[in-house]
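Undergrad: Please model the complete structure; the sequences and the hints are all you need to start from.
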Amino acid sequence: MDPLNRRSFLARAAGLAALPVLTPAARLFAEDTPAPAGPERKSLVTDKQLEATRKGLEWLAKNMSGKGKAAPWGQSAPVAVTALAGCAFMADGHLPGRGKYGDQLKRAIEYVLGCSAKNRKGYLADPQDGQSRMHGHGFATMFLAEAFGMMMLNDEMANKMRQAIEKAVDVIEYSQTTLGGWGYMPEPTYDEGSITVAEVMALRSCRNAGFKVEKKVINKGIDYLKKSANSDGSFKYSLQGGGGGGTVALTAGAVASMQLFGEYEAKEVKKGLEFLKKNKGQVKQGGGGWGHFFYSALYATMAAYFAGGSLWEEWFPPFRDELVKSQRPDGSWAGEFDNAYCTAYGVLTLAVPYQYLPIFQV
Numbered sequence: 040m041d042p043l044n045r046r047s048f049l050a051r052a053a054g055l056a057a058l059p060v061l062t063p064a065a066r067l068f069a070e071d072t073p074a075p076a077g078p079e080r081k082s083l084v085t086d087k088q089l090e091a092t093r094k095g096l097e098w099l100a101k102n103m104s105g106k107g108k109a110a111p112w113g114q115s116a117p118v119a120v121t122a123l124a125g126c127a128f129m130a131d132g133h134l135p136g137r138g139k140y141g142d143q144l145k146r147a148i149e150y151v152l153g154c155s156a157k158n159r160k161g162y163l164a165d166p167q168d169g170q171s172r173m174h175g176h177g178f179a180t181m182f183l184a185e186a187f188g189m190m191m192l193n194d195e196m197a198n199k200m201r202q203a204i205e206k207a208v209d210v211i212e213y214s215q216t217t218l219g220g221w222g223y224m225p226e227p228t229y230d231e232g233s234i235t236v237a238e239v240m241a242l243r244s245c246r247n248a249g250f251k252v253e254k255k256v257i258n259k260g261i262d263y264l265k266k267s268a269n270s271d272g273s274f275k276y277s278l279q280g281g282g283g284g285g286t287v288a289l290t291a292g293a294v295a296s297m298q299l300f301g302e303y304e305a306k307e308v309k310k311g312l313e314f315l316k317k318n319k320g321q322v323k324q325g326g327g328g329w330g331h332f333f334y335s336a337l338y339a340t341m342a343a344y345f346a347g348g349s350l351w352e353e354w355f356p357p358f359r360d361e362l363v364k365s366q367r368p369d370g371s372w373a374g375e376f377d378n379a380y381c382t383a384y385g386v387l388t389l390a391v392p393y394q395y396l397p398i399f400q401v
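The sequence shown begins at 40 in this note's numbering and counts up by one.
Note that these hints are calculated values from the structure, not bench results.
Be aware that one or more of the hints could be misleading.
No farther apart than 25 Å at their CA atoms in a straight line, the calculated lysine-lysine pairs in the DSS-like style are these [what the hints assert, rightly or not]:
1. Lys266 with Lys206
2. Lys306 with Lys255
3. Lys265 with Lys319
4. Lys145 with Lys160
5. Lys81 with Lys309
6. Lys317 with Lys81
7. Lys316 with Lys265
8. Lys157 with Lys206
9. Lys139 with Lys157
10. Lys81 with Lys310
Only a predicted model underlies this, so the values are computations on that prediction, with no experimental measurement involved.
TA: Take a look at the structure:
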């Protein structure tokens, strides 16, 4: 299966050639560097992969919790997990309010919008959720922005989404620390690598969807990630905390985040890719040194896809095959967090080469 162009997909899915679409991220802003042409990226999509994606989404659809305004997914971290699950449906080409999973997506959006309404300043949080915090805010902001770009712009829900996204961006901007990172709470008092990755990717999604993001905030965020690089190519857990980290998870997230803003030739990106390549033998779920397997799998897959060429061809098949192999008979994945979280990440990882989700496009 060849990677699908988002413009043709949206026109086909909606049946309207006039459906508003967005230009791919790498060409939307003049100051961003486009992805290097290099060797063509092979899709490397298999029938088993497509079947695993289908089964994963079916499991998510069947296991929505509660009704009405209750969180659709994620017992421990509903904001974060609902956002990731929503992105998983869109990554397979499904649209909010349309088609097989349109209702599930619509309900996920309504839940996140409800979180925005509960917080005057736009922090995407649920009073019943003590886990998601700024991770959840970043994931939820990205989810709304990705969905916004796939909807008719005169849609009533899209108008509500626009307001929520603008407020969510404000929260990210005023929560950035002086070092350029972000921490667990919406205040500039602490920074940590994985949260910084969540906010940087959210800002990329918002810019893709046409929202204003202060360039200085992006520059500081990218600079934070660069300063977090270790000499071996891995990335620190925290600048403020004095180091830590050095894991595949932190490295993959940092590298993919910088690539999303055109930093393909940065020495930190190149060394980070080398670090990931050296550690690809630890791909199996639960393998020593990996930790956070599903998180690592997604962001390493994104980094390899953005790099393209032989790295992508060497890197993705082991991830793909391990994910297909480890999927449970009911279609879910299980691991370090609740099953909805693992299943959403599993589907997202398999869906990177499908090229439906704007954040995956180069």
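Undergrad: For every hint, state whether the structure bears it out.
TA: Evaluated hints:
no., hint, verdict
1, Lys266 with Lys206, "violated (28 Å)"
2, Lys306 with Lys255, "holds (21 Å)"
3, Lys265 with Lys319, "holds (22 Å)"
4, Lys145 with Lys160, "holds (23 Å)"
5, Lys81 with Lys309, "holds (21 Å)"
6, Lys317 with Lys81, "holds (22 Å)"
7, Lys316 with Lys265, "holds (19 Å)"
8, Lys157 with Lys206, "holds (12 Å)"
9, Lys139 with Lys157, "violated (30 Å)"
10, Lys81 with Lys310, "holds (23 Å)"
In summary, the structure is inconsistent with hints 1 and 9 from the numbered list given earlier, while agreeing with the others.
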